[in-house]
Every structure is written in structure tokens, then in C-alpha cells.
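Visitor: These protein sequences, in sequence, are chains A and B. When you line the first sequence up against the UniProt record's numbering, it's residues 1 to 262, in that order. When you line the second sequence up against the UniProt record's numbering, it's residues 1 to 161, in that order.
Check each hint, because a few of them may be wrong.
As the list claims (entries may be wrong) - If you want the footprint, here are the derived chain A segments under chain B, 3+ residues with CB under 8 Å:
| # | stretch |
| --- | --- |
| 1 | 47-53 |
| 2 | 92-101 |
| 3 | 129-137 |
| 4 | 216-230 |
Source of the hints: derived by calculation from the structure; they are not laboratory data. Everything numeric in this text was worked out from a predicted model, so none of it was measured. Glycine included, every Cβ here is placed at the ideal spot set by N, Cα and C.
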Amino acid sequence: MHNFELVTPNSVADAVSALSGEDAQPLGGGQTLIPTMKQRLAAPATLVSMGGIAEMVGVCVDDDGVMVIGGATTHAQVAADASASYPALAALAGQIGDPAVRNRGTIGGSLANNDPAACYPAGTLGSGATIVTNAREIAADDFFQGLFETALDEGEIITSVKFPIPEAANYQKMLQPASRFALTGVFVASFAGGVRVAVTGASNEGVHRWSAAEAALSANFSADAVPEAPSADDLISDLHGTPEYRANLVKVLTGRAVAAAG
Amino acid sequence: MTSVSMTVNGKPVSGDVEGRTLLSSFLRDGQGLTGTHVGCDTSQCGACVVHVNGQAVKSCTMFAAEAAGAEVTTIEGMANADGSLGTIQQAFQDYHGLQCGFCTPGMVMSAAALLAENPSPSEAEVRHYLEGNICRCTGYHNIVRAIMAASGQEVPAVAAE
């Protein structure tokens, strides 16, 4: 890997300042970025580590009943600390990668990367969460903008993510066992105002909502109400699955998620 | 180059590192602790697992400078004070939990992390926890048996899910 300067700030303000330099990039847990840099697919001049910023670590529920997760919180910590208040999200975090990856990888890093088969984008979009940065708040519906694309500006840091806690929710992941990403995954969340269904590992455009299922499940939150599989047009095709296979997985996993959510 | 200090296996150590110096390189090349193996160097195989502040991490996927001030434990820190094998290491020997031995340091470190978190795991929980550790000899059955033995539980005669 090409060399770079590693900066380890202790505050968001110092991190933002360090990121204003040329070709500087934030470093979360590095579980995607470090392998990418080893392949020389990324070669920043400066990496600004989020790992030492205490104000960006932790899980809490605020006075309005919204779960707030610091951007540098690891998957392992979310799996442990969110389990009482938002078990479906904790379970999602506990299925990412493997134990050693979960001890380093962070929610902010995962969302900023927006891998089309990652788990957190599904949980975040499915929950209708709000991404909080050093500069603004971005609704999940506006945040994910396609393959590895997000609404983040250069040098903008995800400081926390706010999750409204649904009445019932569940994440179903068809594991791709070599990468331990989702081959396809579906997050279903039922709120008083309606049901949200977010799909990862299916579309060439990355995480997205399945509106037909949302409408059907908002009327009747039952596995029997899941509509026919969505169109396979523009779904991912690779050696692990055809678009048609993934379309069917979306339907099946949605049904399983609804059944498991109760 | 910047100087980084940490505690490795209970001893304070320091060394000069570049930004890109991986924790695995710091341990192996800087400290001569070659028990930490680098198998794939792509975060897949888990041979390089060490503990940082008590948590299992892949040392090939963490920069040395990020471990500044941390307590790091490697396979060399798993033996007893008198140099005899620790409980998990002894169980790997007793149950032939290794063939070529290349993955073993990572397996032992992951097993130690599992047993710290869950002292009496089921066989299925052991297998699930080891999903980030790959044995290229495919010797998983005896590794699972060794970890069950190290936890003080009955060892399944024929390991199978």
C-alpha cells in the first residue's frame, strides 16, 4: 500500500480540520478501506482516524425514544448495547462479517461506504433513520444515492445516526459465505404510520425500498400479504445468483422478516 | 516515521512506524513476535488475530499507530508464566487441533476471545464464532473439539453440526 500520514484526532472539530487538507479521507474501522488500500484502489495522502473520538462512540436512547448511535461505534458494540431497545438492529449488527471484523468495523464507515450488499444501509433505510454529520442532518431516504454513492460531501463525517424505534422489525440475510456480506438481505420495520421495507444485495443501484411490499404490509402486516417478487430488471447478476434468483429472494426474505418480526 | 508505544503481552514496547505500518508488521518485524501469522493479508483468514484491549481483531487490518497506548496480546502471551502451554494451547495439542499449524495462532486467539465472552459455548456457537478463521487443512472438527475441551465441557465424539 502507498504510504500516507495517519492523523488521530480526539474531537470532531479536529477531525474536520484535518480532513480539510488535500486528498484526506476519514478512516472508520478500516475493514473495507484497508484492504482497498492494499490493492491500491485507494491511495489517500492523509487518513484521519475516527477511532479516538470519544464523542462519536456509544449507543443511547434519547428522551423522544430515538436510538442514537455514534458514528464510530463498532458493530460489536451495537450488537451488545442496542439489544434491549432495538433488537432487530442489534441482530443485524451481530451478523456483519465475523467477530474480529465486528470489533473494528463501524456504523459510520459502513454507511459512508454504501456497499450495495452491506447490511447497515438496509437497517438504516428500513428504519427511516437520520444520518447526522458534522454539518447537517440527512434523511436516510436522501442519503443513499446508488453504488458506493452517498449524499456526503468531501470531508464530511457521520457523527451519529438516529434510529426511530419501530413497533416490530426484523432483518433477514441470505449470507454470501465467502464475503460474509449479504447475497441479498431485507429489513422490515413496522411503525404506527406504516411499514418500511429496505432491500440490500439485490439492485445495481444499491440499497432501496420495496414500495409494493410496503403498501401491502402497511394494510396487513402478515407474511401472507407479501406481494409477488419484484421485477428482476436491473438486479445484480453475478456468479452467486441471477437477477431472477435475487428477485425471488427479496420476496422470500421479506416474508420471513415479517413472520419473525411478529 | 512516528514513534508508537503500546503494551504487548504485558511489556511496554515502542517503535517507529509509518502511517501504513500494519499492526501485524509491527508485531512481527518490529517486535520479532512471529507467532502472529499473516495468511491472506486480505482480512479473510484470521491467522493474524490478536487481542487489542481484550478484543479479537485482525492485526493485518489495523494500523499499528491505531494501537497506540493499547494492551495487545499475541499468541506468545498465551503461555503460562512458567512457559508451559496455556489451557487452550494444551487442548489444541491434546485433541490434535492443528495439522500444518499455520492458522493455529489465530484459532487460539479467537477461541480465547470466545471463551472470555461465553465460557461454556455450545458446539454450534464455537463453529459460528470461528467463521472468520480459515483452516486451509480443513481440520475444523478437532479445533472445535479442542475448544470444547478447553471450556471444560464434554467433548463431542464425532464433531458435526
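Visitor: Each hint: holds or not?
Guide: How the hints compare with the structure:
Evaluation of the coverage hint for the stretch 47-53 of chain A: fulfilled, as 3 residues show C-beta separations to chain B shorter than 8 Å, against a requirement of three. For a cut-off of 8 Å, the count of residues in the stretch 92-101 of chain A with a CB near a CB of chain B stands at 5, and the three-residue condition holds. Coverage of the stretch 129-137 of chain A by chain B is violated. Counting CB-CB distances below 8 Å, 0 residues qualify, and the rule asks for three or more. Beta-carbon proximity to chain B at under 8 Å applies to 0 residues in the stretch 216-230 of chain A; the threshold of 3 is not reached and the given coverage is violated.
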